[in-house]
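Each chain, written out:
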Amino acid sequence: MTNLLGLAGRPRSPYSPVLMQGAAPDVAYRHRHLLGIEGLSPEDIKYVLDLADGYVELNRQAEKKRSVLRGRTIINCFFENSTRTRTSFEVAGKRLGGDVINMSVAASSMHKGETLIDTAMTLNAMHPDVLIVRHPESGAVHLLAEKLDCAVINAGDGSHEHPTQALLDALTIRRRKGRLGGLTVAICGDVLHSRVARSNIALLNIMGARVRVVAPRTLLPAEIERLGVEVFHDMAEGLADVDIVMMLRLQSERMYGAFVPSTREYFHFFGLDYEKLRAAKPDALIMHPGPMNRGVEIGSEVADDIDRSLIRHQVEMGVAVRMACLEILTGDLGNGPPRFPPPRVGEG
Amino acid sequence: MSRLLFRGARLLDPESGLDAPGDLLVEGDRIVAVGGNLAAGARDAETVDAEGLCLGPGLVDMRVQLREPGAEHMESIETGGHAAAAGGVTTMVALPNTDPPVDDVSVVEFLARRAREAKLAKIHTYAAATKGLRGRDLTEMGLLSANGALGFTDGVQAVADALVMQRVLAYARTFDLLVIQHPEEPSLARAGEVSEGEIATRLGLPAITPAAEVIMIERDLRLVEITGARYHAAHVSTAAGVEAIRRAKARGLPVTSDTAPPYFVLNETAIGDYRTFAKLSPPLRSEWDRRAVIEGLRDGTIDAIASDHAPWDQDSKRLPFSSAAYGIVGLETLLPLALELYHNRHLGLLQLIQRLTWNPARILRVPVARLAPGAPADLVLFDPDVSWRICTDDFRSKSKNAPFDGRPVQGRVRRTMVDGRTIFQREA
Numbered sequence: 001m002t003n004l005l006g007l008a009g010r011p012r013s014p015y016s017p018v019l020m021q022g023a024a025p026d027v028a029y030r031h032r033h034l035l036g037i038e039g040l041s042p043e044d045i046k047y048v049l050d051l052a053d054g055y056v057e058l059n060r061q062a063e064k065k066r067s068v069l070r071g072r073t074i075i076n077c078f079f080e081n082s083t084r085t086r087t088s089f090e091v092a093g094k095r096l097g098g099d100v101i102n103m104s105v106a107a108s109s110m111h112k113g114e115t116l117i118d119t120a121m122t123l124n125a126m127h128p129d130v131l132i133v134r135h136p137e138s139g140a141v142h143l144l145a146e147k148l149d150c151a152v153i154n155a156g157d158g159s160h161e162h163p164t165q166a167l168l169d170a171l172t173i174r175r176r177k178g179r180l181g182g183l184t185v186a187i188c189g190d191v192l193h194s195r196v197a198r199s200n201i202a203l204l205n206i207m208g209a210r211v212r213v214v215a216p217r218t219l220l221p222a223e224i225e226r227l228g229v230e231v232f233h234d235m236a237e238g239l240a241d242v243d244i245v246m247m248l249r250l251q252s253e254r255m256y257g258a259f260v261p262s263t264r265e266y267f268h269f270f271g272l273d274y275e276k277l278r279a280a281k282p283d284a285l286i287m288h289p290g291p292m293n294r295g296v297e298i299g300s301e302v303a304d305d306i307d308r309s310l311i312r313h314q315v316e317m318g319v320a321v322r323m324a325c326l327e328i329l330t331g332d333l334g335n336g337p338p339r340f341p342p343p344r345v346g347e348g
Numbered sequence: 001m002s003r004l005l006f007r008g009a010r011l012l013d014p015e016s017g018l019d020a021p022g023d024l025l026v027e028g029d030r031i032v033a034v035g036g037n038l039a040a041g042a043r044d045a046e047t048v049d050a051e052g053l054c055l056g057p058g059l060v061d062m063r064v065q066l067r068e069p070g071a072e073h074m075e076s077i078e079t080g081g082h083a084a085a086a087g088g089v090t091t092m093v094a095l096p097n098t099d100p101p102v103d104d105v106s107v108v109e110f111l112a113r114r115a116r117e118a119k120l121a122k123i124h125t126y127a128a129a130t131k132g133l134r135g136r137d138l139t140e141m142g143l144l145s146a147n148g149a150l151g152f153t154d155g156v157q158a159v160a161d162a163l164v165m166q167r168v169l170a171y172a173r174t175f176d177l178l179v180i181q182h183p184e185e186p187s188l189a190r191a192g193e194v195s196e197g198e199i200a201t202r203l204g205l206p207a208i209t210p211a212a213e214v215i216m217i218e219r220d221l222r223l224v225e226i227t228g229a230r231y232h233a234a235h236v237s238t239a240a241g242v243e244a245i246r247r248a249k250a251r252g253l254p255v256t257s258d259t260a261p262p263y264f265v266l267n268e269t270a271i272g273d274y275r276t277f278a279k280l281s282p283p284l285r286s287e288w289d290r291r292a293v294i295e296g297l298r299d300g301t302i303d304a305i306a307s308d309h310a311p312w313d314q315d316s317k318r319l320p321f322s323s324a325a326y327g328i329v330g331l332e333t334l335l336p337l338a339l340e341l342y343h344n345r346h347l348g349l350l351q352l353i354q355r356l357t358w359n360p361a362r363i364l365r366v367p368v369a370r371l372a373p374g375a376p377a378d379l380v381l382f383d384p385d386v387s388w389r390i391c392t393d394d395f396r397s398k399s400k401n402a403p404f405d406g407r408p409v410q411g412r413v414r415r416t417m418v419d420g421r422t423i424f425q426r427e428a
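Residue numbers (my numbering), protein chains in the order written: chain A, 1 to 348; chain B, 1 to 428.
Okay, chain A solo, but in the shape it has when bound:
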C-alpha cells in the first residue's frame, strides 16, 4: 500500500526495529513539511520516533555515515541566532550524506531590505530539497513554506512552535519511560514566550500524556488551559506526583522587572532544586531544552544529576530525530512532491 506521499509501508531505515512492532507498518508521516506538532496524528509522531530510535544506535557507532540524502541539498536558514539547533541539523544532514549549507541571514539580504518572500523565491530558485528555517516571528516559517517547492522544517518560529524539539523530547522520554501515554509531565517556567512549551503541550496531548504548566501568572498566556493543560502557580503543587519535569529557559535578557522581579525571587519560587523536586515521583526525570541559566530556572545540582537529568540525552536525541525528519521529508515520493500539502488524516 502506498499512501498519498508515496511513503510506502516499508521500513525507511534498517535501524528501526520498533517500527516492525506496534502500529501497522504502513502508517507513515503524511505531510510535506514539518511546520508544527499541531495537526500531526499519533501515527505521524510514532513513525518519526520509531525511525529516530534506529538512528540513535547508528550515531553511537564509529562509522556514522549513510547515503540516504546523497545528492540532496539542505539549507539551514536561520533568521535568529542559534548554535545548538543549527549544528544539530547540520550534523544530521551530513551524517545522512546530504549537502548542508548554512545560511547566516544576519549577514545577508534581509539586512539589505529584501522581504522574506523575496528571500524565499531566491532560495527556491536554487532547488533545495529541504529548507530548515528559524525565524523570530511567529508564523514566518509558514509564510515561507507556502512559497517554496521544497520541504520545510520549522526550527522555531517566534513563540509558536519548535516541532523537532518536542519530537526529541518525546523520544528522550519514551526511551527512558517506555511510553508517553499516561505519563504526567510538568512544564515549568516561561510558557508565555516559549515555542518549546507550545510544541510539547501539543505533542504530549496527542500522545495521551497529562500535561501541567507551572509558572507565575505573568509568564502564562491567557487561556492556556484551553490547550489541554492543568495550570499551577506553585511548584510543590504543580510537581506533585509527576513523572517528568520539563524546565524552560527564562529569557532573562529581556524579562527582568517586566515579568518577574529578579533572579533571586524567581529561583526561590520557581527554580528547580531538590527541595521542590521532592514533590515529584521518586523516579521523576528532569529535562531542559537548553541553553540553561543555572541558578535561575534550574539549580546545578539538579541539572547535573546523572541519574535524573536527561538534559544531555536530549541533545543526543536531537540529532537522531532530525535525521529521521530529513529522511522522511526527502523520501522517495514516486511522482515527485505534490505541489500542495495532501489532506490530513481523517480529512480524506
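Check each hint, because a few of them may be wrong.
[Claimed, not checked] The list that follows gives simulated cross-link-like pairs (lysine to any residue, SDA-like), each with its CA atoms no further than 25 angstroms apart:
1. A:Lys177 / A:Ala303
2. B:Lys131 / A:Met255
3. B:Lys131 / A:Phe269
4. B:Lys131 / A:Asp234
5. B:Lys131 / A:His233
6. B:Lys131 / A:Gly257
[Said to hold, decoys possible] Incomplete in silico selection of chain A near chain B, CB under 8 angstroms:
7. Pro216
8. Arg217
9. Thr218
10. His233
11. Gly257
12. Ala258
13. Phe259
14. Val260
15. Pro261
16. Ser262
17. Arg264
18. Glu265
19. His268
20. Phe269
Note that these hints are calculated values from the structure, not bench results.
Idealized CB from N, CA, C, for every residue including glycine.
Following the hints, put chain B in place on chain A, whose structure we already have.
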C-alpha cells in the same frame, strides 16, 4: 502574669456583633475573658473602672506615612508610634514611599526591627509594587511578602502604565497578595492641585477633574477582572469612584476600599484662602462627593477608614499653595473625626468601629481587632461623647500639619493597649 480587668465598659466587638455593657479580662498579652461580670474570677486583677466608656479593639490604620527611613525630621517610627498610641491606633501599615523606598527585603526587616525597639503600636509596611516606585519593573513581591510586607503599592502615586499594572496584579495573584492603588490618573492629576469646580476657578488654582479618580478605578477594575487579583482602592473621594466600586462589588470582584476623615468631614471650601494644610492628594472634593463618601461608608462600599497620616514639616507647607506638599497628619484625629459619623447619625457606633478595626484587619489579613478570649490584647478605651477642641500643638506627631486646629469634636481616647501593654493613658 499580670491581670487587668476592665469593668463596666460598653464592649464593642465588630466580629461577633457584641455591643453591650460588660467586663473584659486581660492576662499577659492576651484577652482571656469577655463577659457580663467577671469580677468574681478576677479578684487579684488590677481593675480599670470603665463605666461610661467604650472598649473596643485597637484601631487598625491601613494607611500612614512614617517618613522613616529618610525623613526622620518630619516623623519617625518612635514619634509616629506615640501619635498612634494617642490616637487609639494599635496596628498601622506604612506606605513604602520612604528614602530608600521599601522595595527590598532589607528595608522591610529594618522597619520591623525599629518597630520592635519602639514597642508602641504594631507597625507593618506595604512594599513598593514597582522597583524604586518608578512604575516600571516588578518588585520581589513573593520574598517581600514572605518577610512581612502586607501589600503592594506605589504609595502616593498610581501605577500609571496599564500593562505594568496588569503584570503587577497578575504577579500578585500568583501569591494571592493585596495590591493597593492610589486611584488617580496621573496624566490628569498633572493638571493641577485642587479639584475642578467653582472654588478652584475663583481661587485661580490649576485644577484636576474629579473624573481622574474614577478613570483610574475603572481601568484597574478591568485589569482585576482579567487577573483576579485582590485590589484595594485607597482614600476614595468622589461619588463616581464610590459608585464604580459599588458596582464592582456587586459583580463579585475581589475589590475593597478605604477613605480618610478629610473626605467625609471637609469639602473643597476648606481650602479657604489658600490654606496649604487643606491641600491633599486626592484633593478635597465637592459637598456632593463628600455625601457620596458617607453613603459609601454607610452601605459598606467603602470598607475602612484610614488616617492617611502624612507628616510634613513647616518648610513643606508654609509655601504658596501650588508649591506646598500634599497631605495632613491624621493619627491623633482619626477617632474623634470618625466619631462625627456616629454623632451625626450616619453610622452606628459598632458599625463605625468595624470600619476602623475589623474591616481593615480582614483586608490586611492580620489576626487582630477581636474582643475574644485568646486574641491579642490590642484595645482602645475611649469616651465617645466628651467634647474638646483639637489643638495641633498638642500632637505627639513630629509634624503638626492639619487643618483641624481649634475644631470642636466629640469623643476621645482614654487608654491604648498593645499586647497587654498600656502604651497611652489620659485621665478624664
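Hints and how they fare:
no., hint, result
1, A:Lys177 / A:Ala303, "holds (19 angstroms)"
2, B:Lys131 / A:Met255, "holds (14 angstroms)"
3, B:Lys131 / A:Phe269, "holds (19 angstroms)"
4, B:Lys131 / A:Asp234, "holds (24 angstroms)"
5, B:Lys131 / A:His233, "holds (23 angstroms)"
6, B:Lys131 / A:Gly257, "holds (8 angstroms)"
7, Pro216, "holds (4 angstroms)"
8, Arg217, "holds (4 angstroms)"
9, Thr218, "holds (5 angstroms)"
10, His233, "holds (5 angstroms)"
11, Gly257, "holds (3 angstroms)"
12, Ala258, "holds (7 angstroms)"
13, Phe259, "holds (7 angstroms)"
14, Val260, "holds (7 angstroms)"
15, Pro261, "holds (4 angstroms)"
16, Ser262, "holds (5 angstroms)"
17, Arg264, "holds (7 angstroms)"
18, Glu265, "holds (4 angstroms)"
19, His268, "holds (6 angstroms)"
20, Phe269, "holds (5 angstroms)"
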